[in-house]
Amino acid sequence: MRDLSNITATDRVVLRTALFLLLALGIFPSSGQAQLYFDIPVQFDYYRTDTDELNFSRRGAIFNPSICMVVAGNDSSKIEVHVGIGIFFSKFNQEVGSSTFEFNAIGPFQTTATAYYNFSNKIQAGLGVSFGWYAVNEKGIQFNLDPEYPDRLGDGYSTLNFGNNIDARYNINETFSIGAKFTYWYLPLLEYVKIGNYGDFKGSQKDLYLTRLEFSVRVFLNSRQYNRK
Amino acid sequence: MKTVSTYLILVLLLTSCYVDDESSFIKEPFDPRMPQYSEEGANTAGAYIDGQPWVSRKRIISSIFSSSPYTKGTMNFYGLEDSSGTFVAFEGGDLLLDQSTVSCSVGIVLGEFYLSNPDDLDQLDNKRVELDGTINYGQMILQNDFSQLVEENAGTGVLHIRNVVKTAEGEWNISGTFGFSINGENQESTVFSGRFDYEVSDEQFHEF
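Each protein sequence line maps, in turn, to chains A and B.
Position 175 of the first sequence, counted from 1, bears residue number 175 in our numbering, the numbering being contiguous throughout.
Position 144 of the second sequence, counted from 1, bears residue number 144 in our numbering, the numbering being contiguous throughout.
No lab work stands behind these hints, which were simulated from the structure alone.
We put the CB at the ideal spot given by N, CA and C, even for glycine.
Keep in mind that a hint or two might mislead.
Short derived list, chain B residues pointing at chain A, Cβ under 10 Å [as the list claims (entries may be wrong)]:
hint, residue
1, G157
2, F192
3, S193
4, F208
Same shape as in the complex, but just chain A (with noise of 0.2 Å):
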């Protein structure tokens, strides 16, 4: 698991930043500008790589729920701005000859900030970024009974990405929205340095992208027309 002793300066303000963002989420609601809301997505990851030497897979879909809230728009605008937070979970496989290693990509911090164009009062569209922080673990508990050769993996998964999203809703009623959203993360999540055959080091390379798409349901916690009467 991630040593947490060892929280880098970069560390420190990803955990800044959520904290705001959760005391934002608390405050603004009952200022009486802002509406909270539960955005409930299955969600679908896809790795893609650019060496045939990598294989790696979705493994399932993720139920990863987040907390939102409409940050600016009001009855007149054609735009709002939504924010939320989350954590970071995605699920992959390597598959390295015969055998298969399952991985989990968790982290206490994931964030979207999304503009939406209201087309009508049903449907609306939206541009965004999403931030992720998270570690890269083997999945399962490893049960280590001497901790002065612990086991583990080794160095190369980054821990921080971000991306671009596009978003397509339709609001059901004042309640319930449905919607679809395709994320494309720009970071290399695995930075590696290969032994060539005669034990030489060969140069950095990085690889292994994400994109994801979700399909959610989003229960506003106020009637989604709270600021729009």
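Dock chain B against the given chain A, drawing on the hints supplied.
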């Protein structure tokens, strides 16, 4: 009575063998079957033998059927006759085939270096040793039988000693990478992309 005997036999079998893992297997993300190159005394080695992963990790196996524990997956240094060199052996590894494993050891003869104790390792630090097939050469032995060196199956390639560090009095860590190919009369093999990281103390030095 029969049930009691069965339970006794089961308990005996379950407690007959105890494995003390004295290695940190640091999985390489590119290929998690292999140990990642490290410099911390992980007590592991790995390579691809004819394209199949070979892994060695230090383990002490105790058994009630044996008077003393058995250690496998070690790195040992054998002084050759007349101080003519050293045979460095990664003993007791496993060659991982699709459906099974085969015991296999990998060794390297260093004709230019005579190493009789851990402090002699210092002379190897940051050395690139050409395995020319005559003075220095690689060996690959199935079933871990190193009773003699098979010079007609001498492997040619390179050994890189990348890190040698003293950790305590008489204790050193040594890490490196290697690769060689064998084109012998009765053996044709490749031992490629090798890596090792071991703790070394006096008990690993022997006469061949």
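Hints, one by one, checked against the model:
The closest approach between the C-beta of G157(B) and any C-beta of chain A is roughly 5 Å, which is under the 10 Å cut-off, so the hint is satisfied. For F192(B), the suggested interface contact is upheld, since its CB lies about 4 Å from the closest CB of chain A, less than 10 Å. Because the beta carbon of S193(B) sits about 4 Å from the nearest beta carbon in chain A, less than 10 Å, this interface hint is met. Interface hint status for F208(B): violated, as the beta-carbon distance to the closest one in chain A is roughly 24 Å, over 10 Å.
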